[in-house]
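S.K.: Next come the chains, spelled out residue by residue.
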Amino acid sequence: MQTLFGSVEQEPSLLERLKRGVQKTRSGLVSKLEDALAGRKEIDADLLDELEATLIGADIGVATVNEILERIRQRVDRKLTGDAAEIRGLIREHLLEILQASDLPPALVDEPPAVVMVIGVNGSGKTTTIGKLARRYHNEGRSVLLCAADTFRAAAIEQLEIWGERTKTEVISQSPGSDPSAVLFNAVQAARARKMDYVIIDTAGRLQTKTNLMAELEKMRRTAAKVIPSAPHEVLLVLDAVTGQNGLEQARRFTETAGVTGIVLTKLDGTAKGGVVVAIARELNLPIRYVGVGEQADDLIPFDPEKFIASLFEGPGSEKSA
Amino acid sequence: MFDNLSDKLQRVFKNLRGEGRLSAENMETALREIRVALLEADVNFRVVKQLIEAIKVKAMGEEVLAALSPSQQVIKIVKEELTKMLGSHESKLRFSNDPPTVMLIVGLQGSGKTTSTGKLARWLSKNGHSPLMVSVDVYRPAARDQLRIVARDLKLPVYEGAPGETQPIDLARSARREAAQSGRDVVLVDTAGRLHIDAALMTELGQLKELLSPVEILFVADAMTGQDAVKSAEEFHKQLGITGVILTKMDGDARGGAALSIRSVTGQPLKFVGVGEKSDALEPFYPERVASRILGMGDILSFIEKAEEAIDRKQAAEMQRKLIENEFTLEDFRDQLKQLRKLGPLESMLSMMPQVGIMKDLKNVKVDEKEITRVVAIIDSMTPRERDNHMIINGARRRRIAKGSGTSVQDVNQLLKQYTQARKMMKTFSGGFMGKKLGKLKLPLF
Chain A
2 MQTLFGSVEQ
12 EPSLLERLKR
22 GVQKTRSGLV
32 SKLEDALAGR
42 KEIDADLLDE
52 LEATLIGADI
62 GVATVNEILE
72 RIRQRVDRKL
82 TGDAAEIRGL
92 IREHLLEILQ
102 ASDLPPALVD
112 EPPAVVMVIG
122 VNGSGKTTTI
132 GKLARRYHNE
142 GRSVLLCAAD
152 TFRAAAIEQL
162 EIWGERTKTE
172 VISQSPGSDP
182 SAVLFNAVQA
192 ARARKMDYVI
202 IDTAGRLQTK
212 TNLMAELEKM
222 RRTAAKVIPS
232 APHEVLLVLD
242 AVTGQNGLEQ
252 ARRFTETAGV
262 TGIVLTKLDG
272 TAKGGVVVAI
282 ARELNLPIRY
292 VGVGEQADDL
302 IPFDPEKFIA
312 SLFEGPGSEK
322 SA
Chain B
156 MFDNLSDKLQ
166 RVFKNLRGEG
176 RLSAENMETA
186 LREIRVALLE
196 ADVNFRVVKQ
206 LIEAIKVKAM
216 GEEVLAALSP
226 SQQVIKIVKE
236 ELTKMLGSHE
246 SKLRFSNDPP
256 TVMLIVGLQG
266 SGKTTSTGKL
276 ARWLSKNGHS
286 PLMVSVDVYR
296 PAARDQLRIV
306 ARDLKLPVYE
316 GAPGETQPID
326 LARSARREAA
336 QSGRDVVLVD
346 TAGRLHIDAA
356 LMTELGQLKE
366 LLSPVEILFV
376 ADAMTGQDAV
386 KSAEEFHKQL
396 GITGVILTKM
406 DGDARGGAAL
416 SIRSVTGQPL
426 KFVGVGEKSD
436 ALEPFYPERV
446 ASRILGMGDI
456 LSFIEKAEEA
466 IDRKQAAEMQ
476 RKLIENEFTL
486 EDFRDQLKQL
496 RKLGPLESML
506 SMMPQVGIMK
516 DLKNVKVDEK
526 EITRVVAIID
536 SMTPRERDNH
546 MIINGARRRR
556 IAKGSGTSVQ
566 DVNQLLKQYT
576 QARKMMKTFS
586 GGFMGKKLGK
596 LKLPLF
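In order, the protein sequences belong to chains A and B. Numbering-wise (this note's numbering), the first sequence opens with residue 2 and increments by one. Numbering-wise (this note's numbering), the second sequence opens with residue 156 and increments by one.
Treat the hints as calculated values from the structure; they're not laboratory data. Everything hinted at is true.
For each label pair, taking beta carbons as the anchor points, the in silico distance ranges come out as:
id	chain 1	residue 1	chain 2	residue 2	range
1	A	E43	B	E183	19 to 29 Å
2	B	N549	A	D180	37 to 47 Å
3	A	D180	B	D308	18 to 28 Å
4	B	T528	A	S14	55 to 65 Å
5	A	D180	B	P439	29 to 39 Å
6	B	E486	A	D180	35 to 45 Å
Computed from a predicted structure; not experimentally measured. For glycine and all other residues, C-beta sits at the position ideal for the given N, C-alpha and C.
One chain only, chain A, in its complex shape (with noise of 0.2 Å):
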């Protein structure tokens, strides 16, 4: 996979991570499409309607499922498409391509350190998603400093220093109440006198909606760029699985304010859904960086479209129409 210093190996033990990691949406989307075209010949109004109703229940949203079924139905009036059976392979290409589409490598970073700034709403998974950043950074061989700019919510500080303790990490940071772009700029030096390789900054949970909080990510962001005018060189949306159709809404306003260049989908494990990051890719173009399928400090895995789909699609279970 590509970092932001160049292409790294990838474990091959991480398929079967992901295929693990994604049985839930397998057993939520996949087979329940294959049960819907399970002994079906003809594409009919009521076998439309089943697809449409499984992948909503997706949270792929209304407007992408209604391109989805759009695109069978054009394919049956032209007669290209006439067999149920086909109809698997057509959704399956559809949502490669989808996110195929908005997969942009991160731009490399000539000159470390690499500024990872981690940002979303309230309980998403930020703090978590950065203790399994910094393991995967140093199995990638490279030195890592947490920078602990959550200074809001109660023992957030904590829940790092803890992280950083696991994953054997240093862990930059103030009192609570500091200002976080103060925690920042010395968090960002420190990492460049030290030359260090990454610094990531864990950043207080934020609802898109609060113009305040969402000005100080800015404030955060100029101030990286005072240090290291290239900085933050990614900035990490993280997202809940579970989320429904607000994820679009969160993509996009904070991609707005703090220009997110990658995004980080947790909890992937718990929950059939997800469905909403085909939704973020299709109308935002935002890349999905990695997922999260578990609570140790292992289970974050790069995210690949092709690999993605495939064991969506192909995992154990769904042979049966395969």
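Guided by the hints, dock chain B onto chain A, whose structure is given.
M.R.: Structure of chain B alone, referenced to chain A:
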């Protein structure tokens, strides 16, 4: 992003004004719009199906009320059905006859359990109870610290556990004992966030339930949850028998369709909504308000309630009179701004307003609190005569005002422009549909 449902329906019915009945054809289109609106608000699609059926039955052939257009009529039916489904009245917490009452706070990771526990403790203590909090989340890093800090800020007690006490069951048991000994009547147990598929943690919750016999098991759900809301609520309910729901993060712009889904699969009442990060941002659940919000129609009742709390009635009545008589001066404008500030963050107020008509233009207004301070400063720098009649403020006066308030002439110009616009707008408010709704309040918005 979302088009307001009432706008869409208005389009559907735009040529139908005057028709006596809702017909099969015009309803077909309307129902499709309603369906999309509900799906976009994250209402579960099965629930949507039920609802659409119910709406169809109710709407078909119903006599259109003289006062309502077909679209208003349909909206009314939809809203009634939604409200009915959400539960017809506000639900209260229950308490044990044999205190302490134990309440278990459960839910998925990141749904807002700890924050809600703190808010609930505050709410309870404001309502004559004396709560004790305990966190039994021994898994997430610093989870117990978080509750401890929340409790410290609230100045409410938390059971921190004896040294070496690290098992959820032990912590809960000791907390209850401590509550009994210190005369606390409610124990709030903040549990670890878990995925509903996590069997081990679900078992632990079952044990906690058995040990504590909680009177309330409150399921904390994130208002932004999508279609999965049904699944997780169903699973928690099946395993534990939840007794109520706290819907969090309603201060964002999520429409909160999850509320409907959860209610419909569990049958359990929604009891509270979380509406901000501060500890007092917890409100009782009102079905009608959430119904409006799901439909994208704003939460006008909450707005009115908040406004009523903050606004001096006599002053408001006087203002209304001035408005009608076009005597609304810059001084009044300044007083209005000051009053508005008492309402709390303006954005959250604006988000409660329905996005129709003139309010639509306000939707994208970025409200900057500092801007208000500046505006007030500018008006303060005017002479009484200038405040009384803005027409006399010429170039020289503008320069003086700018100097006096530490702003620029452009700022002063802009303010005067805003003021004339506000005058115009408020005239609309005092008539029109808002006039009816806000009738008893007569709140002129700037």
